[in-house]
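> Residue-level listing of the chains:
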Amino acid sequence: MQPFALNYARPAVELEATTPYVYDSGLQLNVLLDGRVAACDHALLRELGTTTSTAGSKTHFDD
Amino acid sequence: MTVLILTCEEDVTADMVVVHLNASGVPVVRLDPADLTGSVALSGEFVHGSFRGHLSSGGRLVSIGGLRSVWVRRPGTPAARAAAPSAWLTEESTQALYGMLRDCGARWMNHPDAARRARHKPWQLRLAQRCGLPVPATLITTFPRAAREFAERYPDLVVKPVSGTHPQDPPRAVPTSRVPPEADFSAVTLGPTLLQRRVAKRADVRLTVVGDRLLAARRATGAGPDTDEVDVRFDPSDEPWRPAEVPPRVAEAVRAYVREAELAYGAFDFAEDGDGTWWFLECNQSGQFGFVEVDTGQPIARAIAEWLARPGNEDPAPADDARSTAR
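Line by line, the protein sequences give chains A and B. Take 1 as the starting number for the first sequence in the working numbering and just add one per residue. Take 1 as the starting number for the second sequence in the working numbering and just add one per residue.
No lab work stands behind these hints: they were computed from the structure. Predicted model, so just to flag it, every value in this text is computed and none were measured. Hints are not guaranteed to be accurate.
What the hints assert, rightly or not - Here are the in silico distance ranges between beta carbons for each label pair:
1. A:M1 / B:Q129: 32 to 42 Å
2. B:D169 / A:R36: 48 to 58 Å
3. A:R36 / B:P27: 21 to 31 Å
4. A:P11 / B:R242: 23 to 33 Å
5. B:P192 / A:E47: 33 to 43 Å
Quick reminder that beta carbons are idealized off the backbone N, C-alpha and C, glycines included.
Use the sequences and the hints to build the structure in full.
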């Protein structure tokens, strides 16, 4: 038996492995392979879901 | 004067704000406390009643006294990526970093004390009700009998984590979920359980507060008010978030909430019922906002950047943006 709420748990979805951008410490921004700033590509962000309420939940509980 | 952003590298939502700060020429230093004592370093000397010193990250050096604001966004655990991490080193690094920053005179979004208090859901519900927001009937218990009696009074219930955290061993998500009428509540004894009367909602509302600015977005419930998928974060519907107007009484109550909670930022979640009433569910003091901006075009990142960029400890300016939807 486990705590009641965990009866409703689901496997976590990992997003990190699929993000097509990397952090540029010089710019202090994440950039795409073609050099564009990832945050300016809203269509991409929508597609990836990296700005959604479940993103980052692995380490942070404020969604 | 510099804006200090404490967050992890992969936080692309923070990038949305950095872009605006860069465009306005405001100096930014972004660091992850997890990188203490590797690529992040600190030093401060207690002189004439305060700590004077510097932080460095990625070759950037900033004076602690030269900070205009601190944005605590998605910081990692201090020293988590140190060469020899330990609980002791984390505690030492936490106290050194946040202890000195408390002394710097910058404006916080949000101050750690306010943030810590604001995370407690029972506290949120009390404050929301006191500020005039409707709150669904709620029970937090480890007594199976109390859970059963609550379910008799409110047969249509949801269960959600008290803390909002997700178990990591193994990694799982615990969405807000409907509790079937025939549920066996005996496992309630194994962990505090939050049960809440389900609101038959026709929409979810995310109201983002930045200083005194309110930006609301609404997402219609795709599957109707009786859907089993009650947690909007896991709703597979393609229904987008759309800008929404904030009813005056809600706006007044929300402003009272953030004022009393001493929050500069808050992401409020409401369930809108069939009568149009916004039921308070929670206020995440560091809630995500990028997905709302991406769907609605509301200038949340710009509002945050403008709040962070303002000099000194001044009161928040009144809402002045046409798309700030408090009316």
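> Each of the hints needs a verdict: does it hold here or not?
Quick rundown of the hints versus the structure:
1. A:M1 / B:Q129: 32 to 42 Å: Holds, since A:M1 and B:Q129 (Cβ atoms, about 34 Å apart) stay within the stated range.
2. B:D169 / A:R36: 48 to 58 Å: 38 Å, violated
3. A:R36 / B:P27: 21 to 31 Å: About 23 Å separates the Cβ atoms of A:R36 and B:P27, which means 21 to 31 Å holds.
4. A:P11 / B:R242: 23 to 33 Å: Once the Cβ atoms are compared, 31 Å apart, the range 23 to 33 Å for B:R242 and A:P11 holds.
5. B:P192 / A:E47: 33 to 43 Å: 37 Å, holds
Violation of the numbered hints given earlier is confined to hint 2; every other hint is satisfied by the structure.
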